[in-house]
Amino acid sequence: MISNSYFLNVVRFVLLVLVQVLVFNRLNFFGFINPMVYVLFLYWYPIKENRAAFIGLSFLLGISIDFFSDTMAIHTASTITIAYMRPAIMRFVFGVNFEFQSFKLSNSTRIQQIAFLTLLIIVHHLVFFTLEIFSLANFLLILKKVLANGVATLILCLLFGSLFSMRKE
Amino acid sequence: MQQIISFIIRYKNFLLYIFLMIISLGFTIQSHSYHQSRFFNSSNWITGNILEASNNVTSYFGLDEENQKLVEENQRLRALLFNEAAIDTARLDSVRQTYTVNTGKVIKNSFSRPLNYITIDKGQKDNVRPDMGVITSKGILGIVENTSNNYATVQSILNEKSNINAKIKGTDHFGSLVWDTKRYNVVQLIDIPRLVTLTVGDTIVTGGMSSIFPEGIPVGTIQKFDLNTSQSFYTIDVELFNDMTNIKNIYIVSNEYREEIINLENKTNEDDQ
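So the sequences go chain by chain: Y and A.
With the working numbering applied, the first sequence corresponds to residues 1 to 169, in that order.
With the working numbering applied, the second sequence corresponds to residues 1 to 273, in that order.
So that you can see chain Y by itself, here it is in the shape it has in the complex:
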């Protein structure tokens, strides 16, 4: 079972990086909307795993996407931020529930799942575009980009989520 989950995560990692850099980085919808679907990796990652390993993996994920998209290390910075904040966000969304052994993402309500995903995306995009634009003078531009890209990412993540929904194990 354990090797199965490792395998699943590795496949997910590779596929999400490829889909992100080969398809979604080139979308340029309306000239500036490029959804970042690789956030799904952090949404799907098992909850009960070692946290340090999780942050390390997110670092790898971010850096591989940065390599492809010539964006210095801003994907990395925003990805490790949500990796670090994930437990806090989960506690906020699911209450103390999620600390029980039996907790599974697929057992929570639809609203909770969406709220969890939305918070991940918002934090990620805020860090990402703040670093990308790199000046607080353009705060409105940052907000505009966060909102537009966030909505696009959320919609695509939900579609992907229902397409490859986790089997109830």
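Treat the hints with care, since some could be wrong.
[What the hints assert, rightly or not] Quick list of in silico lysine-lysine cross-link-like pairs, DSSO-like style, CA-CA up to 27 Å: (1) A/Lys12 - Y/Lys144; (2) Y/Lys144 - A/Lys182; (3) Y/Lys48 - A/Lys12.
[Said to hold, decoys possible] The calculated label-pair distances, taken between Cβ atoms and stated as ranges, are: (4) Y/Val19 - A/Ala79: 28 to 36 Å; (5) Y/Phe32 - A/Lys169: 26 to 34 Å; (6) A/Asn246 - Y/Phe134: 27 to 35 Å; (7) A/Lys169 - Y/Asn28: 41 to 49 Å; (8) Y/Val11 - A/Asn102: 50 to 58 Å; (9) A/Phe7 - Y/Asn138: 33 to 41 Å; (10) Y/Arg26 - A/Arg183: 45 to 53 Å.
No lab work stands behind these hints: they were computed from the structure.
For each residue, glycine too, the CB sits at the ideal point set by N, CA and C.
Fit chain A to the known structure of chain Y by using the hints.
What follows is chain A alone, placed relative to chain Y:
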């Protein structure tokens, strides 16, 4: 001592996070203030190969359009050849700079970020070096920034850090071409003095000051112009000839005498001090 260790163990995730964050912020800030990082660019072996493989598939979709563009360019060059008197790029020879031209293909394009880089399928093996100019059949594209064996990344003119010498065609009033990150089909020409008379629709071409591009490569046309805040220079919006969202075949231009020019200029500057 034990307290320190237990502190580290207790906050190990936080410390790991801070450590990784400092690394990534370091890379980001360093490349904002100086040059694109040596490590974080898509010209390395793995990313170059994957991007090229994907490009091999997708390039078929635009084949018709690309062929059309090349045919049009051939037609224009033929016309120049047959009517030698009509050449307006003949000045190239008279400025004693020889340029060699190399062809290449774009394998990764980007235009929606503040710092855009393009990856091309020619590298050190094909004698591509940093600071060579990259143009298309319609106009300028950017300057080579990093190279690996088989690939190179190009700093697009759609890049906050880009700064290219350009002038108004037919005059010798020159300024710098920069980008305000707003629209991908418009760049700005700054530092043109107030006394110059401008008309909307005038053509902007590269100037001969940079030793990267030959003089007279088309850039775009004037879309709108305003005086800047000090009221002494114009800020001109230039609409590009190139459709930056749709680029395939490119030419890499290198100046054989660039090194000589730079050495001479450096020597002059040293003598002044």
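Hints, verified against the model:
no.	hint	in the structure
1	A/Lys12 - Y/Lys144	violated (36 Å)
2	Y/Lys144 - A/Lys182	holds (13 Å)
3	Y/Lys48 - A/Lys12	holds (17 Å)
4	Y/Val19 - A/Ala79: 28 to 36 Å	violated (46 Å)
5	Y/Phe32 - A/Lys169: 26 to 34 Å	holds (31 Å)
6	A/Asn246 - Y/Phe134: 27 to 35 Å	holds (28 Å)
7	A/Lys169 - Y/Asn28: 41 to 49 Å	violated (31 Å)
8	Y/Val11 - A/Asn102: 50 to 58 Å	violated (40 Å)
9	A/Phe7 - Y/Asn138: 33 to 41 Å	holds (39 Å)
10	Y/Arg26 - A/Arg183: 45 to 53 Å	violated (19 Å)
The earlier numbered hints that this structure contradicts are 1, 4, 7, 8 and 10.
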